[in-house]
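Following the hints, put chains B, C and D in place on chain A, whose structure we already have.
Protein chains in written order, with this note's numbering: chain A, -16 to 358; chain B, 587 to 754; chain C, 1013 to 1158; chain D, 2 to 363.
Please note that the accuracy of each hint is not assured.
[Stated by the list, open to error] Straight line, CA to CA, 25 Å or less: simulated PhoX-like cross-link-like pairs of lysine-lysine:
{"no.": "1", "chain 1": "A", "residue 1": "K41", "chain 2": "C", "residue 2": "K1089"}
{"no.": "2", "chain 1": "C", "residue 1": "K1020", "chain 2": "A", "residue 2": "K41"}
{"no.": "3", "chain 1": "B", "residue 1": "K739", "chain 2": "A", "residue 2": "K183"}
{"no.": "4", "chain 1": "B", "residue 1": "K647", "chain 2": "C", "residue 2": "K1155"}
{"no.": "5", "chain 1": "B", "residue 1": "K739", "chain 2": "A", "residue 2": "K166"}
[What the hints assert, rightly or not] Derived list of chain A stretches under chain D, where covered just means 3 residues or more per stretch with a C-beta under 8 Å from a C-beta of chain D:
{"no.": "6", "region": "3 to 9"}
{"no.": "7", "region": "51 to 59"}
{"no.": "8", "region": "101 to 112"}
{"no.": "9", "region": "115 to 128"}
{"no.": "10", "region": "327 to 341"}
Since the hints were made in silico from the structure, they are not lab data. All C-beta atoms, glycine included, are put in the ideal place defined by N, C-alpha and C.
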Amino acid sequence: METTKTKEIVINTEPFVVNFGPAHPSTHGVFRMRMTLDGEVIMDMEPVFGYLHRGLEKLAEERTYTSCIPLTDRLDYLAPMSNNLAYCLAVEKLAGIAVPERAEYIRVIIAELQRIASHLCAVGFFLNDCGAFMTPVLYMLRERERILDLFDMVCGQRLTYNYMRVGGVSQDIPEEFIPALKKFLKEMPGWLDEYERLLKDNEILLARAKGVGILPRDLAINIGASGPVLRASGVRWDIRRADPYSIYDRFEFDIPVGTAGDCYDRYRVRVEEMRQSLRILRQAIKDLPRGEVRSEVPHLIRPPIGEAYGHLEGPRGELGFYLVSDGSIAPYRFHVRAPTFINLTALADMMRGWKIADAILIFGSIDICMGEVDR
Amino acid sequence: MKFERYGIGIAKGLSVTIRHLLRRPITTQYPEQRLNPSRRTRGNELIWDKDKCTGCGTCAKACHIGAIHISTSTNQVDNKYEVQKYEVDTGYCIFCGLCVEACPFEALFLSYDYECARYRRNDLLHDKEKMVETPERKVSGYFYPKRAAKLPKQSLLVDNDRGKRHER
Amino acid sequence: MTLALSGKDIAGKIEKKFPGCVVESAAESLLVKGESLLEIAAYLKNTPGLDFDYLTAVSGVDYLDCFEVVYHLTSLKNNHSLVLKARCYDRANPVLPSVVGLWRTADFQEREIYDLLGISFEGHPNLKRIALWEGFEGHPLRKDFL
Amino acid sequence: MAMQMLPPNWPGNFWAHWAIFAVVILVFVLLMVMFFIWLERRAMAVMQARLGPNRAGPFGLFQPAADALKILIKEDIIPARSDKLVHWLAPVVAFVPAVLVFAVVPFWGGALLADLNIGILYVVAISSVTIVGIFMAGWSSNNKYSTLGAMRQVASVVSYEIPVVLSLVGVILLAGSLSMQQIVAAQDIPFILLQPLGFLLFFTGALAEINRAPFDLTEADSELVAGYMTEYSGMKFGLFFLAEYAEALAISAIVTTVFLGGWRGPLLPPWLWFVGKVVIVFFVIVWIRTTVPRLRIDQLMALAWKFLLPLALLNLLITAAEILFWPAVSLWVLIPINFAVMIVLVLLWSRLFKLGWGKVEV
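Just chain A, with the same shape it has in the complex (with noise of 0.2 Å):
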């Protein structure tokens, strides 16, 4: 920089690079940011990711259709149940299997269910980033262990759930896991409301985070962003309701989009889904029919020769999986499409200017899981 100003003092400053990660309290995982700093300005960032690749898409291949379905319980580690829902109806696709509609209302009320533990923990893990130590992250957590408890009930873990098959969900319900789970929709609003006094008008807060690292809605939409950080850029776009899956076009429920796309309003778009999330669950236990929740589909599948690509909206995207089968038992090619892999391509974009501060409150914005973005 040769620009040297008449009377102003110019002080020789050299930019230095720091290595935010592999190992960082706040990198949600095994994830590297390589930032490259003057001062405390962010002059550019590269992510390096890959410390937690397994392969799993090579592992796929050599897996029947069945057994891959705990290999998408690793993917997202926070989100399974949405996992195993991509994968199953990427597969129904492919081989053409219908699901009892018991099974499908099954499958919405859980997916739903995980779309809430899942946001919880974003929103919680967004603001303790910002500074909020802990508190809101333990609090939410709470609320998860609610979920995790009904999810445990149903198919016995806690983490890994492996709950969908192809052409429906493993086992139904237990009997009493729908008095839980109204209750659990009885309390709920409760607790989102607290949390919204808890920090939603917290003056640090919108200082932190109202205007911070911005994405514009041309530039969502062009990278590809999916989930709530694509709505928060004001992006009407939600699976959902454009290509509704499953039974999703029997519910009535609003898509909360966001206006200028900044860090806040990544947290106020998820914190609304969860409310739309119990709106879907108390019209999905109402209609909940009876009848069997998995249709015949034989031991070892062997779909059609051919391809097909599976999508759902997942907590944190546009979860897609890309089947192609060669007519034997294991698929051919098994490609995911992962959101957080795909929405991390602006977090560059997103943080260039702001302050080291705010980096950590950008990456937890977009709501990370290593898991995916690995693979």
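Showing chains B, C and D alone in chain A's frame:
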């Protein structure tokens, strides 16, 4: 930062945190206080029924980790298969439960027990003798609703009064 | 519902504009020549009525005799989708044009395909390995990688 | 420097008094720090719907002792390319001033080490020496996180000293003395009622000086891992930890002395009043830490220079005018006036106050 709200937001937040002082925490002190796990718990062991198993090996095929080893021999007298070796390496097992689902003879179960830490890797290798059902090693109701009905009711946080919001 | 546009209809339109570029067209997908991929993609993105402004996913498949790269295109404006494919047959040095200039979504995804399948994307601003480390030998998602 | 020496009939002149009191104060500081660590963890835990430490001793009261023992026997790691002498010296430099402050804090009517007639000046001067230690730690660690954290600390302390001192001047005007003992004696009405704005400014500034939330940028755990302490381990880390809590204790004690009437109070023995008030002030600090997010560095600076400093100047001006023009008026009359002034000024300034630069074009 603009103080357009004159600190009301901060005051609201402070009221929420101070109110928690009056509520009971939800934490359970684990070794002393125990919660009942789900009736469908996929506990960290497999339980195998010697009498029902025919040695067909469906479970081993369903296991995508390859944690189940089974070898059979023919029993010339009764003219049927006999299971020679049945081993599960619970160190590899991911407890997905696909083997339990696959078993056509209801001979394989997951356990209700969840405390299975061992000091040696060898102890994680469970063979025929270790995998039988005993009163201490209860069978989980995963995929067997009739068995699930006999197990104690799962303790749920939604039923718990601790940590409750005081109704406004 | 997102309307899945038939590859055949689009093929007709493209044939008019870029004759000889469409290799194969089916109801669900459209296979184009690798060399003309970029022009066709730009046409699909910028033509009113098509408006494929959103690139959902880029996937690479190894069919042993060729590599196929699949572009799932969506138009947020008109709510329709299209599957675009391109192939490259050179196994030793497969090359395809990069679409990063049109949709920046492709940035990381093309890097991933380069990393795992070994397809080079011409014109990509920062084509290097993404999941594996620099210096890793081979491309794991290829069917002949053991 | 003239000292008003206290109980004159001690055996062995003043030396015995100093020696005994020094030991008493050290023990007091260490015990209170341990209690504070327990209190912070416990109160915070309950406010976060958890239990907090409850295993070591009754209610987990011995947890800090157990932690101290653990930290004592930890390996002391010195980074390979650090400046070893400075790295070793930094915790000491940080810890000593925090304890020295207590020399002038009155625990009782006459119970203090030295009643300096410039007590407050001494407190202000000594307490800012701590940042030298922190900067030494940050610089000598040869770690970028540490350097950034230390830089932030120096910047914030330098800025916040000014409003803090200015808000104290109002109190000094009212008390008519710089001596801590005299200030307590002057508080027939606690100065928090007479100087509400001064208290607000002082408390905010003090939070920033001891880098407590929402101004804990120095060791912002979600950004800088642990700030200047990143490379410290073992007892050196322990000393920083102690220093941090000793500072919090010192600030609580000063707030108590200057604004809450010190040891004065009915019925209970004075030292209990003093300790009780200190604990309450510290609890408020913990409470705030539990609730609010962290500020950014430029917002921290803006708050000091654009919000606290002008208000502190205005507060000083108004207090001085009140004392000058109404020397005879009852202090009770001033309470509503000062509260009205505070509300008007804070509301007005909240409207005027605006943050400047957020994003920098690069």
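For each hint, the structure was consulted:
1. Straight-line distance between C-alpha atoms of K41/A and K1089/C comes to about 35 Å, which puts the hinted pair past the 25 Å bound.
2. In summary, the hint linking K1020/C to K41/A is not supported, as the alpha carbons are separated by about 32 Å, beyond the 25 Å threshold.
3. For the given pair, K739/B sits about 38 Å from K183/A by alpha-carbon distance, which is inconsistent with the 25 Å threshold.
4. Under the criterion of a C-alpha separation no larger than 25 Å, the hint pairing K647/B with K1155/C is consistent with the structure, at around 23 Å.
5. Using a Cα cut-off of 25 Å, the hinted pair K739/B and K166/A holds, with the two alpha carbons roughly 17 Å apart.
6. Counting residues of the region 3 to 9 of chain A whose C-beta lies closer than 8 Å to any C-beta of chain D gives 3; at least three are required, and the coverage claim holds.
7. Residues of the region 51 to 59 of chain A lying with their CB closer than 8 Å to a CB of chain D number 0, which falls below the three-residue condition for coverage.
8. Coverage of the region 101 to 112 of chain A by chain D holds [criterion: at least 3 residues with CB-CB distance below 8 Å; count 3].
9. For the region 115 to 128 of chain A, the assignment as covered by chain D holds, since 7 residues bring a beta-carbon within under 8 Å of that chain's beta-carbons and 3 suffice.
10. With 7 residues bearing a CB less than 8 Å from a CB of chain D, the region 327 to 341 of chain A meets the requirement of three and the coverage assertion stands.
Going through the hint list in order, the structure does not satisfy hints 1, 2, 3, 7.
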